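K.L.:
Okay, here's what each chain looks like letter by letter:
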Amino acid sequence: MRNQRWVEVAVGGFMLLGVLALVFMAFKVSGLAWESDRDSFKVDAYFGDIGGLKTRSKVTLAGVTVGRVASIELDEEWFEARVVLELNTSLEGKLSSDTAAAIQTAGLLGDNYISLTPGIEGSTLGEGDTLKDTQSALILEQLINQFISNSSGD
Amino acid sequence: MSDDLALVEDLHFSHGDTVIFSGVNLRLRRGKITAVLGPSGTGKTTLLRLLGGQLQPDSGLVQVFGQEVVGLERKALFQLRKRMGMLFQSGALFTDMSVYENVAFPLRVHTDLPESMLRDLVLIKLEAVGLRGARNLMPAELSGGMTRRVALARAIALDPELLMYDEPFVGQDPISMAVLVQLIQRLNQALGLTSVIVSHDITETLSIADYAYILSGGKVIAEGTPEELEATEQAEVRQFVAGLPDGPVPFHYPAPDYLEDLFGESLSPAGGQDA
Amino acid sequence: MLDGLAVVGRKTLLGVAALGRSGVFLLQSLWGWPQSWKALRLWVDQVYSIGVLSLIIILVSGLFIGMVLALQGYTILVDFGAEQALGQMVALSLTRELAPVVAALLFAGRAGSALTAEIGLMKATEQLSSMEMIGVDPLKRIVAPRLLAGFFALPLLSLVFAMVGISGGWMVGVDWLGVDGGAFWSNMQAAVDFRGDILNGVIKSLVFAFVVTWIAVFQGYDLVPTSEGISRATTKTVVYSSLVVLGLDFILTALMFSNI
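Residue numbers (my numbering), protein chains in the order written: chain A, 37 to 190; chain B, 96 to 370; chain C, 249 to 508.
Hints listed in this document are in silico derivations from the structure and should not be mistaken for laboratory results.
Just so it is clear, the structure is predicted and the values come from calculations on it, not from any experiment.
There could be a bad hint or two in this list.
The calculated lysine-lysine pairs, modelled on DSSO-like cross-linking and capped at a C-alpha distance of 27 angstroms, are [said to hold, decoys possible]:
{"hint": "1", "chain 1": "C", "residue 1": "Lys-388", "chain 2": "B", "residue 2": "Lys-170"}
{"hint": "2", "chain 1": "C", "residue 1": "Lys-388", "chain 2": "B", "residue 2": "Lys-177"}
{"hint": "3", "chain 1": "C", "residue 1": "Lys-484", "chain 2": "B", "residue 2": "Lys-170"}
{"hint": "4", "chain 1": "B", "residue 1": "Lys-177", "chain 2": "C", "residue 2": "Lys-484"}
{"hint": "5", "chain 1": "A", "residue 1": "Lys-168", "chain 2": "A", "residue 2": "Lys-64"}
{"hint": "6", "chain 1": "A", "residue 1": "Lys-130", "chain 2": "A", "residue 2": "Lys-78"}
Build out the structure end to end from the sequences listed, making use of the hints.
P.N.:
Spelled out as structure tokens, the structure:
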């Protein structure tokens, strides 16, 4: 006959294990800690071509991750991609308003990410501002095409 | 107030296409032991389930404690069942509880007695069936006769007014049979119970019954006191009471004529069906 | 020909009738389940026999599936020089698919069949009837705690499964195959979204828990009370729950992840 006390202890342990698993999944696997602090501010950037950029792609400054892509949608007036960036709040009021955003690729076949390059102007970026200096994704096939047509035209 | 604790009138019941009862009338008299006898498969257990409201009849009246059982809503039905006890054929002890917990179960769910009083009550009931010493055993460790006695102790735990026995003597050795017979009789007298025994063990049942009904073919074919039944000339009753293999209740399952079946024109094994 | 049609028709009718019965059964069991300490105790007992006793098989299977996933994934990814993506591959396949589905299948085999057999045996030995005659509703006393314990236990088990699986993948990938540990975790964290992947996995697992427990308990309660009936119902529980889990998984995946 199993002991009532043992049953209670085992069930309690089971529940704790479940909570532990949830915490593990949240923080260790999905990196929720970073996500959960709502301490971020949003800026917009318009690109002619975003290539393989996805929501949750990294945004880096000098190679350091400082934010993520929050959403991507098509601007139906200019037919450009409107990308909303979520940046660390510690950068709010520090980045100059002429900061440049470029879509780059990690390695030859890696993921696309956005790399920011600070500008020189005195005014700074805040919530809801738009980045004006943007550089679209480099599409490998287009580059190769261009190269071939150029060299054949010579 | 009438003398009848329970009343069944013009009861019709069928299970699928099989008609089990077609017009059964019964009365259970207060403080008496009533026996319902009949060959296997005549729906004796079904009758008890109808009394307990576990099944609904097709038509007819089922009254217990002056209350109509048919169409009673779930809650009222459970209230009614607190006043009944039932001893199942297999005993139906809860296999995951000890003997003590089995007997304590009805008390725990229906009363808020303190643990010490509960213990006394359980021990009284177990003593009544002579198994006070077996309280810590699990149902799997009991013999068939002991299982039934524990089940009996559980059935009387709430001091019911009506106690229903479903085939209490089946598969018992002569000693446990005698113990049970004596126990049922003693409990009925000591507790002022009304009992109904459903059985096909004629001798034992008639030895303690005050009144008996014999069921066959979905009807009551005879009723009376044990003495009356034993003295009757009715062929079906004689066959059943004396235990003759053949008679009005046939030995053979209905079949086409034997000779024709063996040497008939058609040789198909299904018998009589043209391929 | 007509006979065949009649058989199909009759089977369909029987199936629809069983579905209806099981619906009524579910409502009757859970409607107004008493929220008392006594009921909680029954529930705890069931969480033990349904959840805790399934833990071993979940832990072992989760570990091995995670390890195999890492091993297989590595041999493919290394061809593209993308072995850093191993973490995200292991984590995504586990959280979205493997943990909810495999845990549900194991649960159906371990706990589901046990539930069916246990309740079936209670029915065959008239324990359910005798409980009814004592004035206790077996739907509330026997069925409801088991249903609620099943609903609760499987999502927990599937979270544990995912955790153990990812750890197994980490052991094989990082310790054995030499993938960089930092890249393993950071790529995983970049790819796995808490709401999109983990919570959706939990939702899947809640749905599976509901269906599997429901099927198991209903099969036990509805079976023909003979030894043959019990063995048939136990088989049915495992077969039906596995099929339903896999079918529902497709539908849920289409709803949850198709737009990505």
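K.L.:
For each hint, tell me whether it holds in the structure or not.
P.N.:
Here is what the structure says about each hint:
Between the alpha carbons of Lys-388 of chain C and Lys-170 of chain B the distance comes to roughly 13 angstroms, so the proposed pair stays at or under 27 angstroms and holds. For the proposed pair Lys-388 of chain C and Lys-177 of chain B, the alpha carbon gap of about 17 angstroms is at most 27 angstroms, so the pair holds. As the CA atoms of Lys-484 of chain C and Lys-170 of chain B are separated by approximately 33 angstroms, the hinted pair breaks the 27 angstroms bound. Taken as a hint, the Lys-177 of chain B and Lys-484 of chain C pair is broken in the structure, with Cα atoms around 36 angstroms apart against an allowance of 27 angstroms.
Our distance criterion of 27 angstroms between C-alpha atoms is broken by Lys-168 of chain A and Lys-64 of chain A, whose separation comes to about 36 angstroms. Distance restraint check for Lys-130 of chain A and Lys-78 of chain A: the Cα-Cα separation of roughly 14 angstroms lies within the 27 angstroms cut-off, and the hinted pair is therefore satisfied.
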